[in-house]
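Asks: Protein sequence lines, in the order shown, are assigned to chains P and R.
Reading the first sequence from the start, the letters are residues 1 to 409 in the working numbering.
Reading the second sequence from the start, the letters are residues 410 to 1198 in the working numbering.
Note that these hints are calculated values from the structure, not bench results.
Distance ranges between label pairs, derived from CB positions:
1) Thr504(R) with Ser170(P): 50 to 58 Å
2) Leu976(R) with Gly96(P): 51 to 59 Å
3) Ser208(P) with Gly1126(R): 55 to 63 Å
4) Ala437(R) with Arg373(P): 46 to 54 Å
5) Arg373(P) with Asn677(R): 15 to 23 Å
6) Ser515(R) with Phe401(P): 36 to 44 Å
Bear in mind that the values here come from a model prediction, so they are computed numbers and not experimental data.
C-beta: ideal position from N, C-alpha, C; glycine also.
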Amino acid sequence: MAAPRVLLLLAAAALLAVSSVGDASGEGPRGRKLLVLVDDLAVRSSHSAFFGSLQARGLDLEFRLADDPKLSLHRYGQYLYDGLVLFAPSTPRFGGSVDQNAVLEFIDAGHDMILAADHSASDLIRGIATECGVDFDEDPEAMVIDHINYASSEVEGDHTLIAGDDLIQSDVILGSKKIEAPVLFRGIGHAANPSNSLVLKVLSASPSAYSANPEAKLASVPSLTGFLKSGVQKAGSKMSHDKAGNEQFVTETSKWVFHERGHLKAVNVKHHKVGETNEPSMYRINDDLEYSVEIYEWSGTSWKPYVADDVQIQFFMMSPYVLKNMSTDKTAVYSASFKVPDVYGVFQFKVEYQRLGYTGLSLAKQIPVRPYRHDEYERFITSAFPYYAASFSTMGAFFIFSVAYLYHK
Amino acid sequence: MAEPVANAAAPAPAPGRLRNAFGGVLCAFTLILIGVLAFSIRLFSVIKYESVIHEFDPYFNFRVTQFLSKNGIYEFWNWFDDRTWYPLGRVIGGTVYPGLTLTAGSIWWFVNALNIPLSVETVCVFTAPIFSAIASWATYLLTKEAKGTGAGLMAAAILAMVPSYISRSVAGSYDNEAVAIFALVFTFYLYVKTLNTGSLFYATLNALSYFYMVCSWGGYTFIINLIPMHVLLCIVTGRYSSRLYIAYAPLVILGTLLAALVPVVGFNAVLTSEHFASFLVFIILHVVAFVYYIKGLLTPRLFKMAMTLVITVGLAVCFAVVAILVALVASSPTKGWSGRSLSLLDPTYASKYIPIIASVSEHQPPTWPSYFMDINVLAFLVPAGIISCFLPLSDASSFMVLYLVTAVYFSGVMVRLMLVLAPAACILSGIALSSAFDVLTRSMKFQLSKLFDDGPAISGNGSPNGSSASTVNTSSSKNEKTEKSEAAPKEKQSKKNRRKDKEVTESVSVKPKKEKRLSVLPLEASIVSTLLLIALGGFYVVHCVWAAAEAYSAPSIVLTSRSREGLHVFDDFREAYAWLSHNTDVDDKVASWWDYGYQTTAMANRTVIVDNNTWNNTHIATVGTAMSSPEKAAWEIFDSLDVKYVLVVFGGLVGYPSDDINKFLWMVRIGGGEFPHIKEPDYLRDGQYRVDAQATPTMLNCLMYKLCYYRFVETDGKGFDRVRGYEIGKKHFKLTHFEEVFTTHHWMVRIYKLKPQKNRIRGKLKKLKSQSSKTSSTLAAGRKKNPWQ
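All chains, full assembly: derive it from the sequences and hints.
Replies: Set out below in structure tokens:
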């Protein structure tokens, strides 16, 4: 085929703890400097549409050859780039100080990456993919074949160009505009372990797809089919097609990958007793309190209030004692008020907000809850009046008795 | 030490008044010296090490005292501590015996009010020695009540340096027992004093002193059970008197009311079985008092009739009440007793049911050598003291005997209760020594005077002259003793004299003969015996000084060892705590076995999961389970508790035996008690606990093993554990969920950090990895981040 089959693997790293605070000034959640590693500078022009769309959105791309000996991801402990685009599927090893570990550490440090691979994927690329939870078919000649959902092709019986339209149902990842045409794909198959909770399948092939070497005689197709039907995930191709949704798919997913969409931040966590404004260092059992947090979403250009009705607050000590939906007033402020349970201990205000496509919000704020002070109990209890009466009458009686005993006659 | 006693006891041949004054001054001087001795013998730890708080519990007390001195008493009372028992927290004000803290806090406040700028720590370090001095004075008072000044001084001197007490009260050992022993002895003194005088004043003081004891130590239940026992004993032996009533009834009423004021006791003062005996005896005492009253009113015949009537009715009522009580008590699972008390009554109880009590070394029964170590020659003197207490048996001396007997039993159950035995042993030994010296010096004097008067006369028994002289002597010395209680009101004295007179008339027919026989010993025998007794005392002193200097002065947070190269100091604990306090976030949680909880909060100021106040068994079991689980399960447990760091104590490199590996079996037991998937046999090979090549796979894969022995093989290449004395079983392994962040100089404390949750989960292909490691060795060879292997 003329154009390389490109497979995008989107690793939106650092799903945890991205509630970056303090940048309410219109700064985006991510920097704009990307490193694009290619194994041939011709890729720059052959995929100009893709790179063009990235640059058009203001991303600052730096193209380097994958085996550039001066390659380095960080200097003086600071990362030089905010994202990585690996368009070097066949490169056996990176140049400079970059290796598989460096790339993985880069991801673990909270950076994003787009990885492209085709049938010539090197062990290095496969290794990175595997570490991220995606396994490529080990047979380098294998391709995804689908005899039902295939796109038309010149060669009769060659069903390696498949049309995928099993997209993930998420406006955040794929944009609000629906991708009408199917995404055409030709290339190597890959699978993700269904038990892996950290991998999202944005685009899957149909259940009838399987991975095999189209040139070889197949002996055991059915057994493979079962495994791969759930496996094929995000795929895209630069191949032009009359009705292909590839360009839109790739553009929208790359927006998501580089946090131009679906990035939430929570700021201004406040809590105080009802009727007060100061934040106490400790609550007492049965206090009434109010909790509020502002949640914004990055729209690509500015922070917009995030509107949802399912953000919940937990008052948590080993298990949630209070679990409540927070109400919002459309100005990003979510608030809830509740009564502290009648249990003392070290509690946490917890907001755990994990929604498909959005960065997770995981706020935890520790707050101790103390029992009553000695002088905060009720002084006189109505039901104890008989006892008060008994004790005081006994005292009085004893006094009278003493007087009578001592001074009578 | 023997001389002053002998002097004080032996009457000088001078007119009464001057002699008394002389004796009083001498006695006061001796007491001051005893106080100085008690204080200074406890300073070895400061001289040899430094002025630090020792061990574990004292660190908690120190922290509480700091809080008290900073925030005042009301804040202390309401203190909810969110830095321990995370996430449960602990209401310190309501769960701590505040006596020690309040005492030290008041001392600190007082000296600062005098513009003496002492730090809280200094005050805490020296509280125990100060109170040891006061305790020996209290012992003097108590023994004096029972057997006179001579015995009192003797007992005080012995108590001032008894090793058992030193072990709990050296400078820096800032624990409840430090003031509790004083409170215990002083309460007994006031009880005996009330018993001797029948004064309501002392009875009230007694209740207050009991209150102080309740504030100070959970051992107050010993008082509230021993005194009823003694009262019962007096009643049974027909020694009931109005003095007994005054000594006991106010104590129960006032004492119980006051005890209920202490938050940690509260309603326990009337609800738990520990206090039950006192109320029962209270009722019996009233019944007996009533019977005596009736007896006085009625003629003997009528009285007999009334008795039979009352007894039949009373027995019926008693049966009903007892039946109800038994039913009530039996319906509660622990029979209304706390675990510690139950293990006192049934020594095997704890080891059977409560591993957390059994796991504490000081709750173990003592071994025989520990008796010789802790009370030394007193063990031999005590029987003599008991005999002496029976000559004659008074209320006070019977109390001493009873105290000793019960204390011996309790000390046999729990080694820490040796501390309660120590004052009893000292008092009885003091009595024994004093009586012995009394007898010996008297017979010497008698013989000598004979020698000078009659020349070589018969030094045998039963010369009429001698017998009369000796009786005169004894009675006069008795009178001196009573008179010598300085500045006592006349009234009291006369009361006492009345009593004494009665006693003397009672016993005069029997006693003089006995004393005569005992008192007049051959001169040579007397001299030799005196010398031998002095030598015995000398040995005791030498032993005590040795014990104070060598055995009991180690602060246990700083260790030393002497080798050929010289003195080695192991300061790893403080190194580790300092690391924690400087390198971790202030709200980080540190998990360790509970032994180190108090120290971590006090020294590192970090939140801990469990600490030495073992109030929540489940929480401790959770930590125990985590330590006995494989790495991943442990990580999950710790993560659910928000733990950031895990601290283990490891002695294998330097041979420090009380490390976590040696305590590990208790973690398994306690963990397994709550979480049955932890099974002790999984960690034992053929019933043997071992961590060498023979160890079970469960043992070699548990978190504790891994955290202790991680990289251990790098030290000597073999992994030879110097505590266990063999090479460890699994030497080369990697940690996947924990990372080592700090190991102290001698590897005694190792701190690990929980790795954060994985950012990505690895795919399945393993073949690829091996290929890639072949092709590009730099990539895969150095990888450490494989999460699930």
